[in-house]
Each structure stands twice: as C-alpha cells, then as structure tokens.
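**Q** Each protein sequence line maps, in turn, to chains S and B. FYI, numbering that gives the first Met the number 0 numbers position 48 of the first sequence as 47, with every residue one higher than the one before it. FYI, numbering that gives the first Met the number 0 numbers position 342 of the second sequence as 341, with every residue one higher than the one before it.
In short, the hints are calculated from the structure, not lab data. Since the model is a prediction, treat every value here as computed from it, not as a measurement. A few of these clues could be false.
Unchecked claim - According to the in silico footprint, chain B covers these stretches of chain S (three or more CB under 8 Å from chain B): (1) 0 to 12; (2) 40 to 46; (3) 71 to 77.
To be verified - Away from chain B, derived, C-beta distances all over 10 Å, residues of chain S: (4) PRO80; (5) THR87; (6) GLU93; (7) PHE98.
As the list claims (entries may be wrong) - With beta-carbon atoms standing in for the labels, derived distance ranges: (8) S:THR73 / B:ARG111: 40 to 50 Å; (9) B:ALA388 / S:GLU82: 39 to 49 Å; (10) B:ALA192 / S:PRO89: 42 to 52 Å.
Backbone N, C-alpha and C fix where the C-beta goes; we use that ideal spot for every residue, glycine too.
These are the residues of each chain, in order.
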Amino acid sequence: MPDWHRVAEEADLKPETPLGVRVGDTQIALVRLEDGIYAVSDVCTHEYALLSEGFCEDGRLECPLHQACFDIRTGKALTEPAEVDLATYPVKVEDGAVFVRV
Amino acid sequence: MARVVIVGAGQAGRRCAEALRDLDPEAEIVLLGEEPHPPYDRPPLSKAVLLGADPGNGLFVRAPEFYAARRIALRTGARVAAIEPAAGRVVTEAGERIGYDALVLATGARARRLAVPGAEDPRVLTLRTLDDAAALRARLLARPRVAVVGGGLIGLEVAAAACRLGCAVTVLEAAERLMARCVPPAVSDLVAALHRARGVTLHLGQALRAIEPRPGGLVLDAGAVRVEAELVVAGIGGVPNTTLAEAAGLAVRDGILTDAQGRSSAEGIYAAGEVARFPHPFLGRAARLESWQVAQNQPAAVARALCGEAAPYDEIPWLWTDQFDWNLQVLGDPDPAFELVRRPAGEGRATFLALDAGGRVRGAVLLNNGREATPCRRLIAAGKAVDRARLADPEVPLRQLA
Ligand SMILES: Cc1cc2nc3c(=O)[nH]c(=O)nc-3n(C[C@H](O)[C@H](O)[C@H](O)COP(=O)(O)OP(=O)(O)OC[C@H]3O[C@@H](n4cnc5c(N)ncnc54)[C@H](O)[C@@H]3O)c2cc1C
Ligand code: FES
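So here's chain S without its partners, still in its complex pose (with noise of 0.2 Å):
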C-alpha cells in the first residue's frame, strides 16, 4: 500500500527549481509550478539520468543529458529521445512541510 512520506521543506522548493528526494529506493524529483507542487520519478526514461537535475520551464522538464522533455503535471514524455512517461506522485503540504504517497 503506498503511504505519505514527509520528503522535503515547503520553504526548499524554488518556482521551477527542481528537487530531488528519495524515498527508500524510490527517486523523485519535485517541482512548485504556479499551480501547486508536483511530484515524478527523477530518473530519465531513456537512459539513466537525475531530472532534478535538468532544466525546467514552463511546466515542462528537460533531461540534463539528452534533454528529453517531460510535462511535470502528467510525466508524459514530450520529446525524443524518451517515449516512456515519468511515474507521476500525489503531493500534499501540511503545516509547510512537503509529502508525498509512494
């Protein structure tokens, strides 16, 4: 059953600055777009890389090595080389801290 997982700060969470954040084994990246916090898998699907660390404007995610784009609110994978959406995460805040259900 997935639970919620306290992952990060409300106040850490830079307008499109993504974080990244694990959660046993599980690696996410997160991102406050205008419209509230979001959550997805960090890692690339097209090869292996941290999205977290990769670029992100207007909604959109940009893997940092072959600059694949993803849309953050859905996962879906935007450009080649990716073809395979990012996991999507429900995210809530609660007395500013940030959680996750994983």
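Using the hints, position chain B with the ligands against chain S.
**A** Only chain B with the ligands this time, still in chain S's reference frame:
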C-alpha cells in the same frame, strides 16, 4: 516513394527508416545491416556496456518487434557489396539483388587502426561495435595493464571504464592536451586532472612509434616514454565507410558529400549520419560530425528530402561524454581561439562559454551542468553580444541573457 533501401542498420539507418515511416505510410522500407544485431546506439558501448551496467533503453532503443510493427523490413547480417546505380539496385555479399527507387547510405564509420609496427598484434583492440565492446570487457575483467592510444572522447571513456574495473591504465596522446578536437585547453586541463586523480597515467605530446611484443606483454615505444601493457586499445578516431559510394561514382571526400538534406552527387542516392559530409549552417562550412545528435536528427532531414520536403538539417552541434562520474557536454563551436568565460555552478560543476571577437557566445562546455544546456543553446542561437560579467555570474539566470 515506392521502395527505399537503406544500407547500414546503425542509429542513422534506424532513424531514417522511422522518420520515413512517419511521413509516408505507403513506402516500402528495406533496412540492410551487416552486423548480426538489430540497430543500436553506440554511446553506451564505451560506458555502461564496458562496465557491465544496464544501459536501459539507450542501447537497443527499439524492441525487436518494433521493425515489423512499423513495416520496416530489417535484415541483419546482410552486407551490401555493391551499388548498381544505372540499374537502381544493390547487390548483397550473398549475391542477392535488391532494387530501389531511392537509396540511403547510412554506413557510418569504422575504427581507425594504428599504423605503427606491431599494431597487428591480437592484443591491440579497437572499439566500435557491440561485439568489440563485449570482447574488450571480457579482456578487461582479467585486469591487465591497459595502454590506451589516443586521448579523445572514446579513448578517455575506455580509460575511465578500465580504471573502474581495476586495471592500471596509461593513456598516450600525441597532442599536447586531451580531447583537443572538441574542447578548449582549460577544459582539457580539467579532464586531465580528473583522470590523474583517479589514478590514470597520462603521457601527453607522445606519439606512438611502435608496439613491441614481449613474452607475456607488449611495450609501447613513444620515443621519450615506453609503456608496458598486456592490452592496448586504440582510440584514434573513425574512418567513414565510403567504399561503396566511391565505387558507385559518388563524390566523396572524407565522407560522402551531400547537400544540407543528404542528397549526394548521384540522383536518387542520399547519405545519412556519420558518413555524410554536409554544409553546416551554424559552422558555416562543410562538416562530417561524429555524434549521436547527427545520427539522431540528420536522417530525419533525409527522410523529408525523400518525401520531397525542403527542410534542411540545421542544429547547433552538441555532443556529450561520460568519464568516471563526470558528464561533459559540448555545444556549438568552442574554438580554442575564442575567449573563454567560466560560470561557476557549485561544487564540481561549471559552464564554460566561448565568445568570439564580437562578444557573441559561439560555443559552450558544460561540466556536470546539463541544466544549462538549453539556455546555452538559446544564447548561441541568439548570436548577439552578451555582457561577460553577467555571463560569469551564477546568480544571473542564463535564460535572462538569451
Ligand atoms: C564507442 C563509441 C562511443 C560513442 N560515444 C558517444 C557519445 O558519448 N556522445 C556522442 O555524441 N557520440 C558518441 N559516439 C558517436 C556516435 O555513436 C556515432 O557518431 C554514431 O554511431 C553514428 O551513427 P551512424 O548510424 O551514422 O553510423 P554507425 O553507428 O557506424 O552505423 C553504421 C552501420 O552500417 C553498417 N554498414 C557499413 N557498411 C555496410 C554495408 N556495406 N552493408 C551493410 N551494412 C553496412 C555498419 O556495420 C554499422 O552497423 C560514440 C561512438 C562510439 C563508437
Ligand atoms: S537519459 Fe534522459 S534523455 Fe537520455
């Protein structure tokens, strides 16, 4: 477009077939490759594959069923021996004749062999194919002393992998610095420091003269230095596979000469990927580029040409290399003659920007800093003078300057 035959089932051949299928649901597409494997991308060979790590989707990008599902008639183990342009057909090594309405040569390159005495020794290897990588890995697991000849991208990736596998590694490079063809001197120095810190011995400015067999080993003679090793890997560049094209009378000069969309000098014959030398809009000259990017995207421009669309290949050059835990990306044209501005980005990361005499960003090198690749690409594309102090200031986001 009735039947398109693509010779060479590497990355460029695959990409051309895929792009053509997207544009034309009707075309008959035949993809002929001499290797026994379905198409794969080469970058993981000198990285994950040597290390025995999982390359993910980065090696065989497509599942085996993909080709049939997209109606791409992939034939592996099928080497084309000749082109008969007048008859509009190719002849395979097995003697089969296959007619075409259009032909795409995506034959890539092979590893350049060392031309010094002793280089034929079976302990002297090169790395180009998946089978080469498997053979090299098997040898590296015995932890020989390894001498890498050539301090370019592939040589250094092999050196890093061999070192990680526990081998004692020496690199011999004829030039005075590493990766001299693709990065400015300041970056070469950082790469040299990385390798030395991890225990790799570097001999720069040392051209190999001969390889001498010894009982149980080899001695590399580079004049001022002599290196003992049990295994030698030559990483001294690639030679384009142009024999077929030459025999068919196509214009060839270190690559098949094409226009900006892959059209060769012969009607109905095209070249895609690393084998093509084409006028590059950004570089302002004809170039044959050995990179994943060109193999990935130039063949799509060829597919558009096959469908009668005018849309030349026009990208800012980009390549990357992974050595130890470093990722280095090179964008545009960081010519050593340009002024280099260093933009710090925290521990172990930086962006280097190469400015021409007019203060315009023409190239960039990203050290563990892929985050800035897209803003750098925009700066380069903008082609206008930028303020050096602001470029060097990590507090100023690059995208504000583009
Ligand atoms: C070890 C290695 C590591 C690399 N790492 C990087 C990297 O990190 N970053 C980067 O940007 N680039 C890298 N590159 C460069 C990049 O992989 C190449 O530029 C790219 O593979 C070129 O693709 P291609 O399809 O044009 O040619 P190739 O990959 O050479 O494919 C051509 C294919 O055609 C086949 N062929 C040739 N002649 C015939 C014939 N007569 N009949 C049938 N088939 C034929 C060949 O067997 C081959 O399979 C690397 C290359 C190598 C070798
Ligand atoms: S690893 Fe992310 S695009 Fe290749």
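**Q** Is the nearest CB of chain B more than 10 Å from the CB of S:GLU93?
**A** holds (30 Å)
**Q** With a cut-off of 8 Å between beta carbons, are at least three residues of the segment 0 to 12 of chain S near chain B?
**A** violated (count 0)
**Q** Since S:PRO80 was said not to touch the interface, does its Cβ keep a gap of more than 10 Å from each Cβ of chain B?
**A** violated (7 Å)
**Q** Could you let me know if the closest chain B CB is still more than 10 Å away from the CB of S:PHE98?
**A** holds (26 Å)
**Q** Taking the beta carbons of S:THR73 and B:ARG111, is their distance inside 40 to 50 Å?
**A** holds (46 Å)
**Q** Within 42 to 52 Å: is that where the Cβ-Cβ distance between B:ALA192 and S:PRO89 falls?
**A** holds (45 Å)
**Q** Using C-beta distances, would you say chain B covers the segment 40 to 46 of chain S, given that this needs three or more residues below 8 Å?
**A** With 3 residues close enough to chain B, the hint holds.
**Q** If you look at each residue in the segment 71 to 77 of chain S, do at least three have a Cβ nearer than 8 Å to any Cβ of chain B?
**A** violated (count 0)
**Q** Using the C-beta atoms of B:ALA388 and S:GLU82, is the stated range 39 to 49 Å upheld?
**A** holds (42 Å)
**Q** Please check whether the beta-carbon of S:THR87 is more than 10 Å away from every beta-carbon in chain B.
**A** holds (20 Å)
In summary, the numbered hints that this structure violates are 1, 3, 4.
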